[in-house]
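K.L.:
Listed here are the chains, written in short residue letters.
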Amino acid sequence: MPKIHAVAAAVSLACLVAPPSYGQSSDDLKEIRDQIEQMKKEYETRIRALEKRLAAAEAKAAQADRRASQAKRVAASARHQAAQAEEQVAQATAAPEQAPAAPPASTQQERQNAFNPAISLILQGTYADLSQDPDTYHIGGFIPPGEVGPEKSGLSIAETELAISATVDPYFSGFFTAALEPDGGVSVENAYFTTPMLGHGISVQGGRFFPDIGYLNAQHQHAWDFVDAPLPYRAFLGGQLADDGVQLKWVAPTRLFVELGGEAGRGLSFPGSDNSDRNGAQMFALFGHVGGDVGASNSWRTGVSYLQASPRDRSYQDLDSAGTLVTNAFSGTSRLWIGDFVWKWAPLGNPTNRNFKLQAEYMWRDEDGTLAFDTDALLGNPVAGSYSSRQSGWYAQAVYQFMPRWRVGVRYDQLYSGNPSIGLVDSGPLSAADFPSLARYNPWGTTAMIDWSPSEFSRLRLQYQVDNSRPNATDHQVYLQYIMSLGAHGAHIW
Amino acid sequence: MRKHLFRLTLLASLAAAALPALAALDVFACEPEWGALATELAGDNADVYVATTALQDVHHIQARPSLIAAARRADLLVCTGAELEVGWLPVLLRQSGNNRIQRGHPGYFEATRYVRLIEIPSRLDRAQGDVHPMGNPHIHTDPRNIARVADALAQRLGEVDPGHASTYQSRLQDFSQRWSRATSRWKRGAAPLHGVRVIEHHKGFSYLFDWLGIRAVGFLEPKPGVEPTTGHLAELLAQQRRNPAKMVIRASYNNPRASEWFAERAHIPVVVLPFTVGGDSASKDLFSWYDDMIERLLEANR
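Sequence order for the protein chains is A and B.
Quick note: the first sequence, position 324, residue 1595 per the working numbering, numbers continuous.
Quick note: the second sequence, position 205, residue 217 per the working numbering, numbers continuous.
Wrong hints could be hidden among the right ones.
Reference listing, derived: stretches of chain A covered by chain B, where coverage requires no fewer than 3 residues with Cβ under 8 Å from a Cβ of chain B [claimed, not checked]: (1) 1463 to 1472; (2) 1527 to 1538; (3) 1559 to 1573; (4) 1622 to 1630.
Away from chain A, derived, C-beta distances all over 10 Å, residues of chain B [claimed, not checked]: (5) GLN167; (6) LEU249; (7) GLU276; (8) PHE299.
Derived by calculation from the structure, the hints in this document are not laboratory data.
Just so you know, even glycine gets a beta-carbon here, dropped at the ideal spot from N, CA and C.
Produce the entire structure from the sequences given, and follow the hints as far as they go.
P.N.:
Structure, rendered in structure tokens:
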């Protein structure tokens, strides 16, 4: 055993001494020796040339003397360099002879099993050129779902994502993602455990995660094909839904991919309202997906999801007919249905050169409950009445990688606000002009993008979007975005 | 009545216990070479699902729904390891809900655990390209590695499916004999290739070259996993004039453009090698794949 240690030490020492650029195989060394031979020859000719110039210079006036000595110095250092390189080769040659003594592979340490978790960091930033003031962004005809529009014009970094994951023990794995906001805040985007240890295709997940509804929602934003979320995601899920809860999922033991699952959560964010004073789940979801391959080049997945939330006093701000900024609030039940479809093509299943992806989702929401007007009582006693809406929307997008590294994509988004029935307007003291945010409007947008990914870990994207979220203003948006991922090699979901 | 019920339950549980033993073992092979090896060793005792083909770049596979469904059913996962499948296998493991094939369980088998890896980088830096931190994972191009993995895999098949352990061992013996005869035949036949200088697209055949004494003197990829650039190819051409290589080698899944561009200017042949079983029409199993690889190399060397 000590013998092995000594040999191992010798090997590692040899490796340290040998410059890293020199490989371990003798073929490489031969190659290097050839190159050095070449270098030496080149130096020789250079030195000869210099010596010739030297002689010429010596024949000239005393002024040229200085130049001559300089040339001599260069020649000497060139010779020295050649000698040094030769020495390095000699050292490198010493290493391979001992290499076979290295410990056998079966004892090698497996890095994934080292106790350090996998850590990765996503850097993102954009240059945004917007024809409308981002502060005026709203989606006409819909109860505002929070901050869903473009954040800033000009140069800015987007949230930086720090992800840490590891296996906990033979039974659990843990995942954590923090979003570091550009202005200093930190939010926990994901923090959950999973376990596949129940077997039979059942996995359980608990914590804060992106519910598996639809297609885009479970993916991290940096894996999206466009800078921003499509309009239905913004209007119905506040951009992307994350919730604190538990998920139970089952994959069927069939050739066709069939996955069924359900989730119960606290209703942390829109369409929920985070009611901390209530027991039980305030949001729950059901989803089912099926998928498979068609031939060697095509694969697909489609699914249906249902999300139900029970918001209490989910407030938003609006201007009343007199122009006063008032706070209104919805309480009731919000039900959302999502149908999603994805089709991917890669010639013979090899996406590295060319591939194509078609993706579409349809959403339908109905909300029933009460709408309270002016909950802060700025204009007298708050009033409340019934509220009911049937709203829908969809988007479709296509992304084509036409050569390695380069992709182009287009997207079309559409929302239909319908005509919500507002009790306070239909049979109450207020008029439709007191709820301008809810005035009937069908927002839409068209987007085109081109991106370039020098490697798996970096991406630069240019995106142009005609955004008609606002009822009476078209926003022409140009984005230039970078996404860089550092650290552990992430595995992306399909 | 209660007695009947008891009997019925007993019968049912017996049947349930017996069923898995009757059904064939579901093997999920990440790559075709391990699928072929599993078939050699298990024969009719296993249903082998192969997740990728020789025409795909196994570094970049998408975790498709069909793969999740297959991983869900598997009793044994046979993969290369050494982080070759790091971009997709973890997703399959996580989403399959299958406890049998998780890391550390008998149903999780990594071939690279049983051979010595070469080209272990002395420096880990992504500026060096898509380096494999644990060493070159393409171990299947050296038949001696296949033999080592076969020993371990037969053992593992016996652990996962103890009822057929002796069958796996006897099939291993048969395979090992045929394989070792074939290995010496290939080595003798490939003797003219010793010392031949070649240029390669990606470091995909390092183990093969190591075994046959072929010298890879350049790579079309400027850095591992980085697409060839014109600047780098021009440098290679200059090197080729000084120190000529005899052929350009690429795997059948590599983009042909760079190798053809280079070969045309350097006036040397391009050899398209099947990267694994199924890489061309002749490579039907492990034996015919090696036959074909060596034949193609010898042909270009004539």
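K.L.:
Please write out, lowest number first, the hints stated earlier that are contradicted by the structure.
P.N.:
Hint check: nothing fails, all pass.
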